[in-house]
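Could you put together the complete structure from these sequences and hints?
Chains as they are written, first to last, in my numbering: chain W, 1 to 306; chain R, 1001 to 1291.
Since the hints were made in silico from the structure, they are not lab data. If you're wondering where the values come from, they're calculated on a predicted model, not measured in any experiment. Even glycine gets a Cβ: it sits at the ideal position worked out from N, Cα and C. Hints should not be assumed to be uniformly reliable.
To be verified - Here are a few chain W residues that face chain R, going by a calculated C-beta distance under 8 angstroms: (1) 19; (2) 22; (3) 25; (4) 27; (5) 149; (6) 152.
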Amino acid sequence: MTAYVVQRLMGVVITVFFVAITVFLMVRLLPGDPARVIAGVLASEAEVDRLRERLGLDEPLWRQGVIFVSGLARGDLGTSARTSNPVTTEIGARFGATMRLAIVSTVLAVLIGVPLGAYAATRAGRIEDLFVSTVVLFGISMPVYWLGLMLILLFSIRLRWLPAAGAEGLLAVVLPAFTLAFFSMAFIARITRSSMLEVLHQDYVRTARAKGAKQREVIWRHALRNALAPVITVIGLQFGELLGGAILTETVFAWPGLGRLLVDSIFARDYPTVQGLVIVFALLFALVNLAIDLFYSVIDPRVRYG
Amino acid sequence: MTPFDEAPHSASLRGDTLRRLARSPSAVVGVVLVGALILAGVLAPWLTGHDPVQQNLRAVLQAPSLAHPLGTDQLGRDILARILFGARLTLFIGAFAVAVGMVVGVPLGVVSGFYRGTIDMVVQRVMDLMLSFTSFLLALTLVALLGVGLTNVIVAVGISTIPRFARLVRSSVLSIREVSYIEASTALGARGRRVLWRHVLPNALAPVIVQATLSMGATILTAAGLGFLGLGVQPPTPEWGAMLGEGRNYIFSQPSVTTFPGLAIFLAVVGFNLLGDGLRDALDPQLRGRR
Chain W
1 MTAYVVQRLM GVVITVFFVA ITVFLMVRLL PGDPARVIAG VLASEAEVDR
51 LRERLGLDEP LWRQGVIFVS GLARGDLGTS ARTSNPVTTE IGARFGATMR
101 LAIVSTVLAV LIGVPLGAYA ATRAGRIEDL FVSTVVLFGI SMPVYWLGLM
151 LILLFSIRLR WLPAAGAEGL LAVVLPAFTL AFFSMAFIAR ITRSSMLEVL
201 HQDYVRTARA KGAKQREVIW RHALRNALAP VITVIGLQFG ELLGGAILTE
251 TVFAWPGLGR LLVDSIFARD YPTVQGLVIV FALLFALVNL AIDLFYSVID
301 PRVRYG
Chain R
1001 MTPFDEAPHS ASLRGDTLRR LARSPSAVVG VVLVGALILA GVLAPWLTGH
1051 DPVQQNLRAV LQAPSLAHPL GTDQLGRDIL ARILFGARLT LFIGAFAVAV
1101 GMVVGVPLGV VSGFYRGTID MVVQRVMDLM LSFTSFLLAL TLVALLGVGL
1151 TNVIVAVGIS TIPRFARLVR SSVLSIREVS YIEASTALGA RGRRVLWRHV
1201 LPNALAPVIV QATLSMGATI LTAAGLGFLG LGVQPPTPEW GAMLGEGRNY
1251 IFSQPSVTTF PGLAIFLAVV GFNLLGDGLR DALDPQLRGR R
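Structure, rendered in structure tokens:
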């Protein structure tokens, strides 16, 4: 098991390394001169040259690469072009807010999505199933930013129950978290439903029924437990969608997280911060999926890692 | 009972597929929504008398009325006209972005699945790399570096859909090449390339059609999301996501500025999702009811 974990962690490191190299090359090789863009159209040639020197963009590409990679190995993501703080400081200051939002959303999505999908499977083909399918369709088709705005309209402007912006107080997380959770909830419900449908035809479910187990016990104890494996994989995969959705949700609700920082940095042409954020997002995504794979061996004794 | 039930059984795949599609109520809703979107886009100039970019600062943020059925925005532009002309843009971006994804992704998947070996390994690692960015972040990063505007949005969103097509085609090619009719044609002396073009590709196409339809919905969401952030198609072009992004500051005074463009995006995506699911069921009846 330890060897497996180490091996997988190496995999994460390699993935993030390649993501980092790709972003590094994208920033430098795509059309456009970052120094000119950061300095602005009004800056003189000399000013742009000074900035290029300060950002290390005047060095040959391979030297920039060496500096970048050795910084990366020390956990140094460079200096923000906007605030002149280390990028890691900028990211550290916003990290907690995004994690809070992501965790609350994931918990909401699982707590609503799994029972919803399981219930639909037990009512397959009936009106309740159709209702759940409709909710799922709405969830996967709803622009997350529009859902956020409509919730603000209803709960903040009309009813005045919940705050529309910011992260102050416990109630502030409710609307952004629900907004962000809706897509994942729908996706999880859809996978739970199809996985349950397959499991409900298995022999052991019939056996459980035959020995006289109550319907509720059959569904929730025997079937759902065995149907959860693909659902858990999906929770990991949709975490990527969740991070993408967080960028939009944080913008709608003025949530002071990494997503806002990314959008602000893009508008400020703060490439070092954009570069650092992409790396951090990829790292988060890879780590969550690793955690999920390891979690399998805990819930499913058949899964063994050598 | 629909007239389709009595139709004689035809051997054509297209006839079968259309008949099954017509029998599914949700697929019909999808066809209607997508059809309405296409009609709105094509007939936009005839459906409204208003110019979508014409400002009228004496008629800003009006509620829906006879003159402006969906009201006016913060610059006094007719929202209905902007939504109708926006339908064009939405279809245009969606279709071209999906085309970019297919044109690159499908050949990559075919080569990967058919030749396997080193080339497969390399292609798959590149796809893994793209997926580890996650699709919205990849599109956002590309637009941030390439710059905003119509072409760059199409390229960025298109690139973010490549792995989906490559993965899908690879797995169907892998399973098709094990099927006995491929073995038969090889035994009859057909060479690699002929087997690929004549036998493998046509059979790998059905899932690609389904994926392309579902991807239309996904790319519309992504492109509108970029527009919402102000990183998509630039003003004054009537792009739905940008309309939402520009209008959201006026949500307190005139909610219709944000309500209607968002509803348009939502309905368009619902349409493509329903149509895609319907096509999947119609093209492969064995999959019906699963997912």
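The hints, checked one at a time:
1. 19: Holds. Min distance 6 angstroms.
2. 22: holds, 6 angstroms
3. 25: violated, 10 angstroms
4. 27: holds, 6 angstroms
5. 149: Cβ of residue 149 of chain W sits 5 angstroms from chain R, so the hint holds.
6. 152: At 7 angstroms from the nearest chain R Cβ, residue 152 of chain W passes the 8 angstroms test, so the hint holds.
The structure shown violates just one earlier hint, number 3.
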